[in-house]
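There are 4 protein chains.
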Amino acid sequence: MYNFRTDLAVERREIFRKNNKLKEIDGVEVEEKKINENINVTRVKIVNEKGETAIGKPIGNYITIDIKKIKLAEEDEIQKASEIVSEELKNIINKHISYKDDILVVGLGNLYVTPDSLGPKVINDIDITRHIIKYLPQYIDENTRPVSAISPGVLGTTGIETLEILEGIVEKVKPKLLIVIDSLASRSIERISSTVQISDTGIVPGAGVGNTRKELSQRTLNIPVVSMGVPMVVESAVLVNDCLNLFIEKLQQEAKSNDYLNKLKEADNYEEIKEVLNPQDYNMIVTPKEIDELIDNMSSIVARGINMSL
Amino acid sequence: MYNFRTDLAVERREIFRKNNKLKEIDGVEVEEKKINENINVTRVKIVNEKGETAIGKPIGNYITIDIKKIKLAEEDEIQKASEIVSEELKNIINKHISYKDDILVVGLGNLYVTPDSLGPKVINDIDITRHIIKYLPQYIDENTRPVSAISPGVLGTTGIETLEILEGIVEKVKPKLLIVIDSLASRSIERISSTVQISDTGIVPGAGVGNTRKELSQRTLNIPVVSMGVPMVVESAVLVNDCLNLFIEKLQQEAKSNDYLNKLKEADNYEEIKEVLNPQDYNMIVTPKEIDELIDNMSSIVARGINMSL
Amino acid sequence: MYNFRTDLAVERREIFRKNNKLKEIDGVEVEEKKINENINVTRVKIVNEKGETAIGKPIGNYITIDIKKIKLAEEDEIQKASEIVSEELKNIINKHISYKDDILVVGLGNLYVTPDSLGPKVINDIDITRHIIKYLPQYIDENTRPVSAISPGVLGTTGIETLEILEGIVEKVKPKLLIVIDSLASRSIERISSTVQISDTGIVPGAGVGNTRKELSQRTLNIPVVSMGVPMVVESAVLVNDCLNLFIEKLQQEAKSNDYLNKLKEADNYEEIKEVLNPQDYNMIVTPKEIDELIDNMSSIVARGINMSL
Amino acid sequence: MYNFRTDLAVERREIFRKNNKLKEIDGVEVEEKKINENINVTRVKIVNEKGETAIGKPIGNYITIDIKKIKLAEEDEIQKASEIVSEELKNIINKHISYKDDILVVGLGNLYVTPDSLGPKVINDIDITRHIIKYLPQYIDENTRPVSAISPGVLGTTGIETLEILEGIVEKVKPKLLIVIDSLASRSIERISSTVQISDTGIVPGAGVGNTRKELSQRTLNIPVVSMGVPMVVESAVLVNDCLNLFIEKLQQEAKSNDYLNKLKEADNYEEIKEVLNPQDYNMIVTPKEIDELIDNMSSIVARGINMSL
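Chains as they are written, first to last, in my numbering: chain A, 1 to 310; chain X, 1 to 310; chain E, 1 to 310; chain G, 1 to 310.
Treat each hint with caution, since some may be false.
Repeated chains share a single entry, so a pair holds when one copy, or any two copies, can fit it.
Mimicking DSSO-like on lysine-lysine, the simulated pairs with C-alpha atoms at most 30 Å apart in a straight line are [what the hints assert, rightly or not]:
#1 Lys69 x Lys134
#2 Lys95 x Lys134
#3 Lys23 x Lys34
#4 Lys214 x Lys121
#5 Lys95 x Lys121
#6 Lys134 x Lys34
Source of the hints: derived by calculation from the structure; they are not laboratory data.
Just so it is clear, the structure is predicted and the values come from calculations on it, not from any experiment.
Just chain A, same shape as in the assembly:
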C-alpha cells in the first residue's frame, strides 16, 4: 500500500487520483456540497474492495467538513459549523442504532500535549445523561438517550492499550455505539484544526501523532464505532517532501540549466515559499510535538539559573 501520510480519505483520494492520473477511483464515490462561503462538505464513500485497496481504508463513509477562517470565528459561525457537524453525525448514527440507544463518547489523546488534547477537551463539554437516567430518572425527560463519556488516556501515560480499556468498559456499560474523537495527521497545513472527518469505520488511535495502536472498530469491539477526527499537525518531513516534489516538477517543466539553479539558490525564495506554506495569515511554525514538556524543563533551567546568580 502506498504510504499516504494523511488520515483523511479525501486527501488520500486526491493523491491516488493524481499519482495514477485517474478521473475517479473504481470503488470510490464522491459528493461535494458547499454550505456557505466558509463551510464545505465532501462525502467520500468507499463501496468495494478496489476502493479499499486504493485508499487504504475500510469500506464505509468518510465525511469531511472543511471550515475556513476558524481562527477568527465568531459565536454564530461556530454555531453554524456545529450544526453541520451535528447533521452529518446524526445521519451516520441513525444508520446504525435507534433513537434511545446508549452511546459512549470516547476522547482519545493526551490532555497535556497541546496538539493531542482535542479528545479530552471535547469530552469535558459533552452533556452526560446516563447517570441521571440511572439514579435520578425523575429529573429528566423519559425519552432522553443515555450518554456517557470517557478519556482513557494514552498508552505512554497509562501503560494500557486503549483497546484493552475500552473492551472492559464496553462490556460493563454495554453501549450500542461508540463515538471516538481523535487528532489526525493531514498533508495540508490549511486543514490544521479546520476540518472534521466523520466516519463509521472505526479508528486507529494515535495514527495522527505517529504511534499506531490497536484498531477501535466494530471488528474489535462488536458495536459500531463512529470516529470524529480533526487534523492537528502536519509532519515537517511530509511538508518538505511535498515541497521538494513540487520543486522537481517545476525543474522538469522548465528544463532549467545550471544557471537557473544558481539563480534559484542565490535568490531568497523565502517570501514565495512563505506564501505557499502559510495560508490565511497563520504563522506556521515547526515545533516538536512535546513542546509543552520541553518548555517546562527549559523554564526551570532559566529560572534556577537566574535565582542562583542573584
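Chain A is fixed; fit chains X, E and G onto it per the hints.
Relative to chain A, chains X, E and G alone:
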C-alpha cells in the same frame, strides 16, 4: 542587511561565514567550550562596527548555551545546566553592576500561546526579595540583592507597547539592571527549547514570533539590559527554504540528468528527509502558532455537534 | 472604625444599621431595584462625611448587582447579567469622562491562586483597541474608544507595589479613567462569586484576601478609578464568629437552662447548621487560600512515594 | 453508626474515645512514631468487629502520616516525606503481593475541581512500565514490576460508576493489586493537604467531597485495594458545629450569667476564633467546592459587561 531569520548570533555568524566563504568575520571573536557530553557554551563577541554590520546585532557579548537531550533530562542534568546558565549570567551582570544593586526581571511573551509562554513561566519561579527588604527587612539577610519581576503581557493583549510599560516601571522602581526573558526564532530544529542565548545588548520583543516591537535596551531604558532568549520555533518557510538550498547544492554537485530527477521524484524520500529534519527522536510537526486557540474553537464545534445530535 | 470584615458597602450598611438599631444611616442613600427573579441591583450612595465614617468607605457610589443561581447559569442568563453590569458601569463611566476618552482596564490578583484569579481572567477577555487605533487605524471605526488592559501581578510575586506599577503606566499611557477589577471579601456565603460591586471611589488591592496595599484612586493616580469587585471568599473566622453571635442571641431569647445546653450539645446540629450555611445546594468547604500550591506539593509527595516503593 | 464526618481512622478514634470517655477502644490498636520535628506516623489497626463498629471502618490497617509546614516545604523535606510514604506503602503492598506482581494505580477525582484534583495529578507523575515490559522488553530491567495507571474521571462527568470502569479494566489488565488515590474529608483544618492516610481496606470514591459511590475493595474487585487518601477540605457546617460544641462546653464550665453572654456578644471575638481556626499562618477561607466553575462564569459576566459598555 541580510535577513538571517534567526535571533541567535551564533547562527548568524555561521550563515555569514558560509555565504561569504570566510574563516572568521572581521569584528567578531568566538570562543567555544565543551562543558560535558551534553552541554556546549559558545561565546560570540562583536567588537566593532564591521562585526555589527555583518551579524546585524549591536556590539556586545552573545553567549549561547546548547543543551542536548533536554527532553529526557533528569533532575541532576537540569541542575547542571542551571549552574552553567547561572555562571554565564553572573559574569555578564558583574560587568555592569555591583553585588547589591537592584535587578528587575522581565518575562516577555504570552502565557496562553504555548511557544511564547517561556517568559511568563520563568517569572513565576523567580525568587523575589524587593518587597521583603522594603517591608520586612528583619526577615532577610541584609546583603540580599533586591529582586523584582514582572510579566508585562504582549501588545496584542494589552494594547500597550512593552517599552511604554517598562519605561514607567523603571522610573518608579529604579532598578540598576534589567534581565529580559523572551522566546526566539532559530533556523535549527535541534535548538528548539534546547539553547539559551544570554546577551548584554538588550532585545527586540516579539522578534522570535514574527511581530517586531520597540527595542528594550540601555539606549531606550537608560540602564543595562541583559537578555536571555530561548529559541522556541522555526518558521516552516525557513525550514523548507533551507532544505531546498541543500537540495539544489546536491543537484549541482551530482550534475544530475533528468533521469535522476525522475528517480528522485518517484522515490519516497520521506525517510531520508525525516532523518535530517528530526534529530534526537523528536517528533517535529508544523503547526500554527495559534494552535491552542484553534483547538479551543474546534473543541467547541465538535462538542456542540455531538450534543446537538444526541 | 468598626471592623466590618467585608468590602461590600451594602453589607457594611446592614451591619451598621443592625448594630445601631437605625432605620437608615445619616449620610447614606439607598435605592433597590429587582431586575428579574435572579438579579437585584442595590445602589448605596455615601453623600457626606457622616456616611463615610459610618460605612468606612469614601463618599461616592457603590452599586451591588446580586446574581442568584449563577452556578447553573445558561448562556442567556449570563448575557442578561452582563447587560445589567454593562449598564451600571456605563452610567458611572459617563459621569467622569466622554465617549472617546482612553480607558485602561486593570486586573488585580494572582492568576495561580484560584479565589484570587478573577482579575487576570477578566483581562484575558477584554477587547483591546488602543494598539489598533495607534498602529492600524484603517482597520477600525474612527469613533472607537482606545482601550488597553494589564494584569500587574501581586506584590508577593512581583516585589513591586501595584500602585508603583500603575503610576508608571498611567504616566506613559495617559488614560482618562481606570477600571480596576479585584476579588473582595464578604460576610455572606451566598455572595461568593455571585455579586459585583461597582464603585467610583477606587480600591485597596488585596483587601479581599487579607493583605492591604496602597490605595488605587483619583487621589493617588490623578484620574478617576472605577472599581469592579466580586466577593470570592468568606474568612472562616468571620463565619464562625457570625454563627456564634446568632447562637448567643438564640440562647438569650430562649432563656435557656443548662438542660437546654446539654440537649443542644448532645444533639447533632449539623443538618440545621448546614442548611443555614450552604444555600442553593452549594457544597461549602473551608480551605486554605493557597490550596493549589499545597496540592502541588502533596501530589509530588504521593507520586514520589509511590514511584519509590514500586 | 455515629456520623463522624471524617474519613480519617485516626480522627474517628479520637472522637469515639472522647465521646465515650475511653482510654482505648476495644478492637483498636494504635502505635505512634515521631519521625522528625515535622513528620508523625500513626498506625491504627482495627482488629475485630467491635473495633469495626466503633470506628465505622472495616478490619485492617490505617496509617496516617502527618506532615507539618508543607506549605513552605523545601525540596529535601518533600523528599523526606516521600520516603516515609514510600516505606509505609511498601510495607502494606508486601503483605499482599510479591515483588514482580502487576500493580494498577488509580487516580480518583476531577482534575477541573481544585480540591478534588489530587488523584489525576498524582497519576500524571507515576512512572509507568507495563507497556515497556510488554512492547520493548529489551529497554528495561527484567526484574521491573509492571505498573499501569488510570484516571477514570467522576460519575458526574462520565455518567459511569467508577466501579464499573475499574471492573472492566481489572478484568483485562489483570493487576494483582490496586493503589487508589483520592481526596478525603477531615474535621481538622490543620490536616488539609498535610496528611496521607494509607489503608489496605479499599475506599469509597467521593466520600471526601460529599457524593458517596460504590466501594472499591477486595470484596468488589477481587484483588487487594490499597488506598491513599489526602484530606482536602473541611465542610463549613462541620467546622461551625465543632466550634459551637466547644463554645457550649465553655458556657457550662463557666456557669455564665446573661451578663457574660452579653459581653461575649458585644466583644469582637474574631481574633481569638481566628487563632484557633487558622493554624500555621494559613489563610483559611470558606468557598464552594465548585469555585473554579463559578469564577469562569463570573469572569465572563464581568468581561462582557466591560466590553459592552466600552
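The hints, checked one at a time:
1. Only between protomers do lysine 69 and lysine 134 lie at most 30 Å apart by alpha-carbon distance; the minimum there is 25 Å, versus 42 Å within a single protomer.
2. With identical chains, the CA atoms of lysine 95 and lysine 134 are at most 30 Å apart within one copy only, with a shortest distance of 26 Å there and 38 Å across copies.
3. Proximity of lysine 23 and lysine 34 under a CA criterion of 30 Å is satisfied intra-copy only: 21 Å inside one chain copy versus 59 Å between copies.
4. In the homo-oligomer, the alpha carbons of lysine 214 and lysine 121 lie at most 30 Å apart both inside one protomer (22 Å) and across protomers (27 Å), since each shortest distance falls under that limit.
5. In this homomeric assembly, lysine 95 and lysine 121 come within 30 Å of each other (Cα to Cα) only inside a single copy, at 27 Å, whereas the closest approach across copies is 40 Å.
6. Taking CA atoms no more than 30 Å apart as the test, lysine 134 paired with lysine 34 passes in neither setting, with 42 Å inside one copy and 39 Å between copies.
Of the numbered hints stated above, the single one contradicted by the structure is hint 6.
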